[in-house]
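A.B. asks: These protein sequences, in sequence, are chains A and B.
Quick note: full-length UniProt numbering has the first sequence finishing at residue 433, numbered continuously throughout.
Quick note: full-length UniProt numbering has the second sequence finishing at residue 283, numbered continuously throughout.
The hints are simulated quantities; they were obtained by calculation from the structure and are not laboratory data.
All of these numbers come straight from a predicted model, not from anything done at the bench.
A hint or two may mislead.
To give an idea of the chain A side of the interface with chain B (calculated C-beta under 10 angstroms), a few residues [unchecked claim]: (1) 31; (2) 38; (3) 148.
All C-beta atoms in this analysis are idealised placements derived from N, C-alpha and C, irrespective of residue type, glycine included.
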Amino acid sequence: MSETFDAIVIGAGPSGNACAYVMAKAGLNVLQIERGEYSGSKNVQGAILYADALERIIPDFREDAPLERHIVEQRMWILDDKAHVGGHYRSDAFNEEKPNRYTIIRAQFDKWFNRQVREAGALVVCETTVTELIKDAKGKVIGVRTDRDEGEVYADVVVMADGVNALVANRSGLKKEVTPESVALAVKEMHFLPQDVIESRFNIGEEEGVVIEVAGSVTVGMVGTAFLYTNKESIAVGIGCLVSDFTEAQVRPAFLLEKFKNHPSIKPLLAGSEVKEYAAHLIPEGGLNAVPQLFGDGWMIVGDAAQFVNAVHREGSNMAMTSGRLAAETVIEAKKAGKPMIASVLSAYKKALEDSFVIKDLHKYRRLPKVLHNNKHFFTDYPRLLSQAAETMLRVDGEDKRSKEKKITKSFRSTRRIGGLIGDMFNLARAFR
Amino acid sequence: MNIVVCIKQVPDSAQIRVHPVTNTIMRQGVPTIINPYDLYSLEAALQLRDQVGGKVTVLTMGPPMAEDALRKAMGIGADKAVLLTDRFFAGSDTLATSYALSMAITKIAEDEPVDLVFCGKQTIDGDTAQVGPGIACRLGLNQLTYVSSIEALDAKAREITVQRRSEGGVQVLKTKLPCMVTMLEGSNTIRRGSMPNVLRAGREPIKTFNAAAAGIEDVTRCGLRGSPTVVKKVFAPKPRADKAKLIDTTNRPTSDIANDAVEAIFAAAPKLQTDLVGRAAQA
Numbered sequence: 001m002s003e004t005f006d007a008i009v010i011g012a013g014p015s016g017n018a019c020a021y022v023m024a025k026a027g028l029n030v031l032q033i034e035r036g037e038y039s040g041s042k043n044v045q046g047a048i049l050y051a052d053a054l055e056r057i058i059p060d061f062r063e064d065a066p067l068e069r070h071i072v073e074q075r076m077w078i079l080d081d082k083a084h085v086g087g088h089y090r091s092d093a094f095n096e097e098k099p100n101r102y103t104i105i106r107a108q109f110d111k112w113f114n115r116q117v118r119e120a121g122a123l124v125v126c127e128t129t130v131t132e133l134i135k136d137a138k139g140k141v142i143g144v145r146t147d148r149d150e151g152e153v154y155a156d157v158v159v160m161a162d163g164v165n166a167l168v169a170n171r172s173g174l175k176k177e178v179t180p181e182s183v184a185l186a187v188k189e190m191h192f193l194p195q196d197v198i199e200s201r202f203n204i205g206e207e208e209g210v211v212i213e214v215a216g217s218v219t220v221g222m223v224g225t226a227f228l229y230t231n232k233e234s235i236a237v238g239i240g241c242l243v244s245d246f247t248e249a250q251v252r253p254a255f256l257l258e259k260f261k262n263h264p265s266i267k268p269l270l271a272g273s274e275v276k277e278y279a280a281h282l283i284p285e286g287g288l289n290a291v292p293q294l295f296g297d298g299w300m301i302v303g304d305a306a307q308f309v310n311a312v313h314r315e316g317s318n319m320a321m322t323s324g325r326l327a328a329e330t331v332i333e334a335k336k337a338g339k340p341m342i343a344s345v346l347s348a349y350k351k352a353l354e355d356s357f358v359i360k361d362l363h364k365y366r367r368l369p370k371v372l373h374n375n376k377h378f379f380t381d382y383p384r385l386l387s388q389a390a391e392t393m394l395r396v397d398g399e400d401k402r403s404k405e406k407k408i409t410k411s412f413r414s415t416r417r418i419g420g421l422i423g424d425m426f427n428l429a430r431a432f433r
Numbered sequence: 001m002n003i004v005v006c007i008k009q010v011p012d013s014a015q016i017r018v019h020p021v022t023n024t025i026m027r028q029g030v031p032t033i034i035n036p037y038d039l040y041s042l043e044a045a046l047q048l049r050d051q052v053g054g055k056v057t058v059l060t061m062g063p064p065m066a067e068d069a070l071r072k073a074m075g076i077g078a079d080k081a082v083l084l085t086d087r088f089f090a091g092s093d094t095l096a097t098s099y100a101l102s103m104a105i106t107k108i109a110e111d112e113p114v115d116l117v118f119c120g121k122q123t124i125d126g127d128t129a130q131v132g133p134g135i136a137c138r139l140g141l142n143q144l145t146y147v148s149s150i151e152a153l154d155a156k157a158r159e160i161t162v163q164r165r166s167e168g169g170v171q172v173l174k175t176k177l178p179c180m181v182t183m184l185e186g187s188n189t190i191r192r193g194s195m196p197n198v199l200r201a202g203r204e205p206i207k208t209f210n211a212a213a214a215g216i217e218d219v220t221r222c223g224l225r226g227s228p229t230v231v232k233k234v235f236a237p238k239p240r241a242d243k244a245k246l247i248d249t250t251n252r253p254t255s256d257i258a259n260d261a262v263e264a265i266f267a268a269a270p271k272l273q274t275d276l277v278g279r280a281a282q283a
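Whenever a hint applies, use it, and build me the whole structure from the sequences.
C.D. replies: In structure tokens:
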């Protein structure tokens, strides 16, 4: 009774949807299996959509995808307990015909994306969990077992797009479990406000949006960042830190979020809002070193499951979509050439990733996780020093400016010493190079 | 046995939100589900089919996206699905809905006579419990509502025996087929469809009826025009401003706690105290 498909995609997030869509569009017989009630029902993100990655898959997505606001302004803030020091970039150039970044609500967006997958001809089965991979005598993956009766289904190739925990790959011994040091736990809330209040509060027009990215003392010394994104009628506000840091510091995520929301720079932006949602999610932030084996006989792994997240630039869903697309293109090529879906053929997927921004960017920042982990003062001392410096210079109190400068220099030197300051600069520069 | 199960796609009322500003119900982004009461009827129908053979057709009236609910029902195990969809049906109340559904069932029966029609006890969005009985009336079916269990189905004698919840007890009723049944919540547990079933559900074409295909000639009996019910106002109840009062219960005899509770209640509602005392005096 069991059926054989050209490909099975496990999961219906950005990577799984991209992969299933591209393969189905090329005429392959694709089965996509999703654990949640529908695509998006279990998916959590801030969320920012990077148009480019989606445009390469669905060029005219703007016509009917549920988009909230396109980003015209980016604020980068470093917080100490009372203040923020920051930079803003706002440009009318972002008000272009095809904007580059949008805020989205994932439950709606993923549902739309998955509808495109169905319309492209893939068969989508929800509320079904893949329990394990089925392998033949030689160890080649030939299908999946699900939690339904008569639950075996077969395919030439199985693409695992099942998210950060990569449960299927773990259970099948293809990948090690994620470590607390390589994943961040992020929590977020949706705050509802009338559209006109959001627009006047953030100084934006009807379709325009603002992103605020935050680092500093709000993470109480842990490696992490916070964010605030404007949707049409809501504001997403969240914060995330490494799981290992949460464990070590014995801090609860909800406490951090409360602290962030009550920061004097954030609180007025949320005033009068009504909280309607609370969500939490793991984010793979281990960088290049956490990336597992990406392919094998009859299988590939994409998206968060492959740990494709650029924590520095807050990019992940675009890497997910791109890796999904590249995996799909690998299958299509192999199919066209009549080649079997074995490791030597599927290695083209890894090659394609290496030629793309996905691996290039992960490679660029490969040292950063370790540097940040070993230098927590980036999240404690520097925000405080910067804030003090700004306050000292801005407060007019009869003290001459040279003395003020000396005071600032002294504060930096006494906190980090010359050697420490030079070391920090060197480490950071190297990590970002 | 040819069984039709009427289902409705409803917004998941557990996740429904009232717009904080305009006070209207926000349907956007709220997931839709099969009306939970319908699932008890679907399972009962599937069990009867498994016992005596035949087929189960799920029928729904709704917008094109109601197809999702039908596919889900097929994934659970229904054999066929019919979607009754037409812009003429928009804004239907229970009168117009039961009319349209009864016409569709008549149409389905043209291929093979329908023996049993199942409906949910009521929906979770309308809560009227009128559509099932409405269909039975129009089709001249005996109706068995609030059924807690189906005791027996005699396919030869064309008789069904059920237990029905009624005030103060349980009725055991026997009636001739064809008839209309609504199942009570908790009367069974919906099954989980097998993998071949969900694969079939994802692929099988769904029969779609518009008003004309359902044999409806007079569309003024459908939709808003065929619906005498008028919704005057939709509003969200105001959240209570007064906070709950905590009574200390640690290391205290229960009688003291009870006394405190009663005193707190009387303090908040003095009229209640006088009423109760007055009534006690009368007695």
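A.B. asks: Could you run down the list of hints and mark each one as holding or not?
C.D. replies: Each hint tested on the structure:
1. 31: Holds, because the Cβ-Cβ distance from residue 31 of chain A to chain B comes to roughly 8 angstroms (cut-off 10 angstroms).
2. 38: Holds. Min distance 7 angstroms.
3. 148: holds (4 angstroms)
Violation of the numbered hints given earlier is absent; every hint is satisfied by the structure.
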